[in-house]
Amino acid sequence: MTEIVMSQTPPILHGPSEKERKYDRQLRLWAASGQAALESANILLLNSGSGTVGIETLKNLVLPGIGRFAIYDDEVVDEADLGVNFFLDEGYLGEPRSQCLTELLLELNPEVQGAWYPRVGDAITLEKLLATSPTFTVIMYTHPIRPEYVALLEGYGRQHKTPLVAIHSAGFYSYFRIHLPGAFPIVDTHPDETATTDLRLLSPWPELSEFAEKMTRDIDNLDNHDHGHLPYVVILLHYLEKWKAAHGGAYPSTYKEKTEFRQMVQNAARTDNPEGGEENFEEAVAAVLKTVVPPTLPSGLREVFEYKRTDPNEHRSGFWIIADAIKEFYEKHQCLPLRGSVPDMKAQSKVYVQLQNIYKTKARQDATEVLRTAQAMAPDRHIDPAEVELFCKNAAFVKLINATGGESNARDRLRTVVEQELANDENAEAMMMPLSLVGIYLALQATSYHVDTSAINEHEIMAEVDKIFPGALNESENLAKAAQEVARAEGGELHNIAALTGGMVAQEMIKIITKQYIPIDNTCIFDGINSRCQVLRL
Amino acid sequence: MASAEVYPASEPARWKHLDRVRTRPGPYTNTDTFDGSIVAENMEQMKILVIGAGGLGCEILKDLALSGFKNIHVIDMDTIDISNLNRQFLFRKADVGKYKAEVAAAFVERRVKGVKITPHNCKIQDFDEDFYMQFQLVVCGLDSIEARRWINATLVNMVDEEVEDSYKPLIDGGTEGFKGQARVIFPTITSCIECQLDMHAPRAAVPLCTLASIPRQPEHCIEWAHVIAWDQEKPFPKLDKDDPEHISWLYQKALARAQEFNISGVTYSLTQGVVKNIIPAIAATNSVIAAACCNEAFKIASNCAPFLGFPDNNYMMYSGNDSIYTYTFKHEKKDDCPVCGNLARELVVDPEWTLRELVESFATRPDAQLKKPSIRAEGKTLYMQSPASLEEQTRPNLDKTLTELGLSNGEEIGVTDPAFATVSFKFKLKFKQS
Chain H
1 MTEIVMSQTP
11 PILHGPSEKE
21 RKYDRQLRLW
31 AASGQAALES
41 ANILLLNSGS
51 GTVGIETLKN
61 LVLPGIGRFA
71 IYDDEVVDEA
81 DLGVNFFLDE
91 GYLGEPRSQC
101 LTELLLELNP
111 EVQGAWYPRV
121 GDAITLEKLL
131 ATSPTFTVIM
141 YTHPIRPEYV
151 ALLEGYGRQH
161 KTPLVAIHSA
171 GFYSYFRIHL
181 PGAFPIVDTH
191 PDETATTDLR
201 LLSPWPELSE
211 FAEKMTRDID
221 NLDNHDHGHL
231 PYVVILLHYL
241 EKWKAAHGGA
251 YPSTYKEKTE
261 FRQMVQNAAR
271 TDNPEGGEEN
281 FEEAVAAVLK
291 TVVPPTLPSG
301 LREVFEYKRT
311 DPNEHRSGFW
321 IIADAIKEFY
331 EKHQCLPLRG
341 SVPDMKAQSK
351 VYVQLQNIYK
361 TKARQDATEV
371 LRTAQAMAPD
381 RHIDPAEVEL
391 FCKNAAFVKL
401 INATGGESNA
411 RDRLRTVVEQ
421 ELANDENAEA
431 MMMPLSLVGI
441 YLALQATSYH
451 VDTSAINEHE
461 IMAEVDKIFP
471 GALNESENLA
481 KAAQEVARAE
491 GGELHNIAAL
501 TGGMVAQEMI
511 KIITKQYIPI
521 DNTCIFDGIN
531 SRCQVLRL
Chain D
539 MASAEVYPAS
549 EPARWKHLDR
559 VRTRPGPYTN
569 TDTFDGSIVA
579 ENMEQMKILV
589 IGAGGLGCEI
599 LKDLALSGFK
609 NIHVIDMDTI
619 DISNLNRQFL
629 FRKADVGKYK
639 AEVAAAFVER
649 RVKGVKITPH
659 NCKIQDFDED
669 FYMQFQLVVC
679 GLDSIEARRW
689 INATLVNMVD
699 EEVEDSYKPL
709 IDGGTEGFKG
719 QARVIFPTIT
729 SCIECQLDMH
739 APRAAVPLCT
749 LASIPRQPEH
759 CIEWAHVIAW
769 DQEKPFPKLD
779 KDDPEHISWL
789 YQKALARAQE
799 FNISGVTYSL
809 TQGVVKNIIP
819 AIAATNSVIA
829 AACCNEAFKI
839 ASNCAPFLGF
849 PDNNYMMYSG
859 NDSIYTYTFK
869 HEKKDDCPVC
879 GNLARELVVD
889 PEWTLRELVE
899 SFATRPDAQL
909 KKPSIRAEGK
919 TLYMQSPASL
929 EEQTRPNLDK
939 TLTELGLSNG
949 EEIGVTDPAF
959 ATVSFKFKLK
969 FKQS
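First to last, the sequence lines map onto chains H and D.
The numbering used here numbers the first residue of the first sequence as 1 and each following residue consecutively.
The numbering used here numbers the first residue of the second sequence as 539 and each following residue consecutively.
What the hints contain is simulated information worked out from the structure, not anything from laboratory work.
None of these values were measured; they are calculated from a predicted model.
Among the hints, erroneous ones may be present.
[Unchecked claim] Dumping the calculated EDC-like pairs for lysine to aspartate or glutamate here, alpha-carbon to alpha-carbon at most 20 angstroms:
(1) D:K554 <-> H:E331
(2) D:K909 <-> D:E930
(3) H:K242 <-> H:D220
(4) H:K19 <-> D:D780
(5) D:K717 <-> H:D192
(6) D:K717 <-> H:E429
(7) H:K350 <-> D:E757
(8) H:K19 <-> D:D781
(9) D:K654 <-> H:E90
(10) D:K654 <-> H:D89
(11) D:K651 <-> H:E95
(12) H:K515 <-> D:D781
(13) D:K868 <-> H:E429
(14) D:K636 <-> D:E798
(15) H:K350 <-> D:E798
(16) D:K554 <-> H:E79
(17) D:K970 <-> H:E282
(18) D:K608 <-> H:D380
(19) D:K651 <-> H:E90
(20) H:K258 <-> H:E283
(21) D:K631 <-> H:E20
(22) D:K968 <-> D:E916
(23) D:K554 <-> H:D89
(24) D:K608 <-> H:E90
(25) D:K585 <-> D:E640
Take these sequences, add in the hints, and give me the full structure.
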C-alpha cells in the first residue's frame with residue numbers, strides 16, 4: 001500500500017544537487033554545456049614579472065571550476081610579492097612562487113586540479129613540460145617575460161592549435177592580447193533578448209496567415225474582451241493585409257509609410273471601452289517600427305558566408321558544413337531559418353500557446369531542411385541535429401572572430417592601426433570622443449621583455465617605441481606621457497589593476513573555452529587613470 | 539591601542555611596487571594636491587568602510603588591503619550560503635552558515651599582515667550618523683538598490699558645508715552576469731545615487747490579471763504560485779525563499795498550473811530564480827568591478843593620479859557580453875533630486891486618478907521606486923502608512939480622486955517612505971490634459 005502512495009508523489013522533489021547549488025549563479029549564464037567545457041579545460045600559466053595578473057585570472061577560473069591548471073614560474077617568493085599578490089604568504093618566503101600560488105589557489109575549489117613547475121631538484125624545463133603534459137586548452141603568459149619562453153609557447157600554439165593569451169600589467173596600465181590559432185566561430189553568442197524578435201510579418205507562411213485571418217475575419221464585431229486580447233502579431237498581420245490592399249499589394253517600407261501604418265493601427269484601437277484604450281493595440285503600435293521589417297542578412301553571418309577557408313580541418317567541421325547548408329537555405333528562400341520564439345504579448349493563454357506552436361513548428365521545419373542539406377553536403381560525416389537546431393536558432397547572431405588570422409604582417413598591421421588611432425586623436429575633441437589608448441600599448445610593449453630588475457626610464461621606453469614606430473613620439477604628447485607613466489611603475493604591478501585585468505582576461509577565457517558569448521578581437525588595453533578600456537585589432 | 543603601531547622591518551620592501559606609484563608623481567598627477575612623502579602614512583591612518591562582504595565585498599577587502607589601507611571596517615548581515623562559493627573566494631564549504639563579514643575579515647587579516655579589519659554582522663540601518671562620521675571613504679558592494687539609496691541619503695545628509703570631514707566620498711559597484719558598473723559620488727557635489735536611480739529601473743511587474751487568468755509564460759505560472767496560491771493555501775507559516783522545501787512547493791504548484799495551460803519551461807531552477815530574483819554572478823566580473831572601485835579609492839586617498847568624480851567623468855559602465863566595452867562618462871547632478879537637489883520634481887498625473895492609484899504609481903516610477911509611500915500636501919495629510927491609527931484615519935482618502943481631495947495643478951506634495959526615513963521626496967503635480 002505504502003509503495004503505491006509513494007509512487008504517486010512526483011519524482012522531482014529533490015531539488016538541485018550540491019554541485020548545481022554551488023554553481024547556480026554561473027549555470028544561469030553558460031548552462032550545463034558551458035560548465036562541462038570548463039571542467040574539461042586544462043590551462044597553463046607561465047607566470048613572470050611581478051606575477052599577480054595571471055594569478056588573479058586563474059583565481060577567477062578555479063572558482064567556477066575549470067578542470068585543471070599548471071603554473072610555471074621561475075621565481076621564489078620575496079617580500080615584494082607579498083605586497084601585491086594575495087595568494088602568497090610569509091610561510092613561503094624563499095620557496096618556489098609557483099608552489100605557493102598553486103597550493104593557495106587549490107584551496108578555493110576542491111574540484112580543481114593544479115600542478116606547479118619547475119620542481120626543485122627535478123628541474124623540468126618549460127620545453128619538457130610542454131612536451132609531456134596533456135594538451136593545454138589555452139595558454140596564458142605574463143610580461144615582462146624571457147623571449148625564448150614566448151618562442152616556445154608560440155611554437156606549441158601553432159602545433160596544437162592552442163589559443164595563447166599575452167598579459168601585461170604595470171602601474172595604472174595593462175593590456176592583454178589573444179592569439180587564436182585560426183578563425184573562431186561562435187554560435188551561442190547570447191544576444192540581448194530584445195534583439196531576437198523575428199516575427200516574419202512581411203513574409204508570413206500559410207499557417208501563420210491563416211491563423212491571423214481566422215482570428216480577425218470579423219474583427220469589428222468581436223466583443224470588447226476578444227478584441228482586447230488579440231495578440232499584437234495577429235493585429236499587425238491583419239492591418240498589413242489591409243494596407244497592402246490599399247497600396248497595390250505593397251507593404252509599408254519607408255519610415256514615413258511605417259509611421260502612417262502605425263497611425264492606422266493606433267486608430268483601430270477601441271477607446272469606448274471601460275479602460276478607455278487597449279493594451280494589445282498599444283503593444284502593436286509600439287512594435288511597428290521594430291517588427292515590420294523585411295528579412296536581412298546580418299553582417300556577422302555575411303562574414304561567415306563570405307569567409308574563405310584555408311585550413312583543411314575547417315572543411316570537416318560541423319560548424320562550416322552547417323554554415324554552408326544555411327547559406328544554401330538563405331539563397332533559396334531569401335531569409336534565414338526561423339528562430340521560432342515569440343515575445344510575450346497580451347493574449348489569451350490558449351491563443352498565445354497556439355501562436356507559439358505555429359512559430360516553433362515552422363522553426364523545426366526550417367531546421368530539418370537545413371539538416372537534410374547538410375547531410376547531403378557531407379554524406380560521410382555525422383551531423384548532429386542538436387547542433388543544427390542551435391545554429392538555426394542563432395543564425396542571425398553567429399559571429400566569426402579572427403576571420404583574417406595570420407601573423408605574417410603583424411608589424412605592418414600595428415603600424416596601420418597606430419597611424420589610424422593617432423589620426424583619430426586629432427579630431428577626438430571635436431567629435432567628443434575619448435583619446436586612443438594605443439600609446440599605452442606601445443609604452444608597455446617597449447618593456448615586454450625587460451626581465452632584469454634594473455629600472456627602465458622613460459627615455460629608454462621612448463627609444464624602444466621609436467624603434468617599433470619611428471616618429472610617433474613627436475606626434476603624440478599622450479604617447480610620451482604613457483611612457484612616463486610606465487616608467488614610474490618600474491615594471492611593478494598595482495594589485496587593483498592586476499585584479500581588474502585578471503577579471504577581464506578570465507571573462508575572455510571563459511568565452512573561448514565555452515564557445516559562448518563573444519570574445520574580443522584581439523587586444524584590450526586598460527587605462528586605470530581614466531578608468532576605461534579600448535579594444536583594438538592588432 | 540596607542541597610535542605607535544610597530545610594523546615589521548620588511549614594510550618598505552613589501553610595498554615596493556605600490557610605493558613606486560603612490561609616492562612619486564606621474565605625468566597626470568595633480569602636484570598641487572599630491573605629497574608623496576606623506577601618502578603611505580595618510581593611507582595607514584584612514585578609516586575606510588566597506589558595505590557588503592559578498593561577491594564584490596570579498597574582492598574589495600582583498601583589493602583595499604593590498605592598496606595600502608590598514609584600517610578597514612566591513613558591514614554585512616548575511617550568512618554564507620553554498621551558492622556563494624563559486625565567487626566569494628574568502629569562504630569555504632566549512633564556513634556555510636557563518637557570518638560573511640566575520641569570516642571575510644578574519645581571512646584577509648590572516649593573509650595580509652598589518653591590516654586591521656573590523657566586521658559588523660548587522661544591517662547598515664542599525665548605525666547612526668555618528669558611526670558613519672568616523673570614516674573617510676565608503677566603498678559599497680551591494681546587491682540591493684534600497685541599501686544603496688539609504689547609505690547615499692545618509693551620507694548626503696551628513697554633509698555640513700563648514701566641516702570638511704563631513705564629506706565622505708562614496709564609491710559604488712554593481713554587477714550582473716558579464717556586466718557591471720563602478721561610480722564615484724562626492725555627496726552634494728556630484729550626481730548621487732538618487733540622481734542616477736532611473737538607470738536602474740525595476741523590471742515591469744506582470745499585471746495581476748495576467749497571473750490570475752491568462753498566464754502565457756513559465757514565469758507567470760511561478761509568480762501565480764508565489765503571489766496567489768501561497769496566500770490561499772499557506773502550506774507553511776512563513777515563506778522562506780532559502781528553504782528548498784518551500785521552493786519545491788512553489789515549483790510543484792507552478793508546474794501544475796503550467797500543465798493546465800500547456801505552457802512549457804517551468805523548472806526548479808527557474809522557480810528559484812523568479813522567486814528570489816536571482817541575478818547571475820561570476821568571480822571574473824566581480825573582480826573587474828571591485829578593482830575598478832578600489833582603484834578609485836586608492837587614487838582618492840593618495841592623490842597620485844586623477845580619479846573619477848573630478849572634474850568630469852564619475853561613472854564607468856562595463857559590458858563583457860560582446861567583446862569588452864566600457865563607457866566612462868559624467869552623470870549630471872539633478873537639481874530636482876529628492877536627496878541632493880533642492881527643487882521639486884515634476885510628476886505628471888491624471889486628476890481623475892484615485893489617491894490609491896497615485897500611491898501605487900510610486901512603486902513603478904523608475905525615478906521614485908517607493909514601495910510604502912506616505913503622502914502629504916501643503917497643510918494636509920493625505921495618506922500615512924503608519925502608525926496604524928493614522929493609516930486608518932487617512933485610508934478613506936485612497937478611494938477619492940485627486941480633484942476630490944482638492945489637489946490642484948502645480949501643487950507640491952511631500953512623499954516619505956520608511957525605507958528612507960531621512961528623505962522627503964518633493965514632487966510638483968502636473969495634471970495631464972484630457
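Quickly compare the C-alpha distance for H:K515 and D:D781 to 20 angstroms and report which way the hint goes. 35 angstroms, violated
Decide if the proposed pair is consistent with the structure: D:K585 and D:E640, CA atoms, cutoff 20 angstroms inclusive. 18 angstroms, holds
Given the hint that H:K350 pairs with D:E798, test it: the Cα-Cα distance must not exceed 20 angstroms. Measuring from Cα to Cα gives roughly 10 angstroms; hence the hint holds.
Given the hinted pair D:K651 and H:E95, is their Cα-Cα distance within 20 angstroms? 19 angstroms, holds
Check the hint pairing D:K654 with H:D89 against an upper bound of 20 angstroms on the C-alpha distance. 17 angstroms, holds
Is D:K631 within 20 angstroms of H:E20, Cα to Cα? 14 angstroms, holds
Would the pair D:K636 and D:E798 pass a check requiring their Cα atoms to be no farther apart than 20 angstroms? Judged against 20 angstroms, a Cα distance of about 42 angstroms means the pair is violated.
20 angstroms Cα cutoff - pair H:K19, D:D781: Given pair H:K19, D:D781 holds - Cα atoms ~17 angstroms apart, limit 20 angstroms.
Taken at face value, is the distance from the CA of H:E79 to the CA of D:K554 at most 20 angstroms? 9 angstroms, holds
20 angstroms Cα cutoff - pair H:K19, D:D780: 16 angstroms, holds
Are D:K608 and H:E90 close enough, with their CA atoms no more than 20 angstroms apart? 18 angstroms, holds
Is the straight-line distance between the alpha-carbon of D:K968 and that of D:E916 20 angstroms or less? 16 angstroms, holds
This entry does not satisfy hints 1, 6, 12, 14 and 18, going by the numbered hints stated previously.
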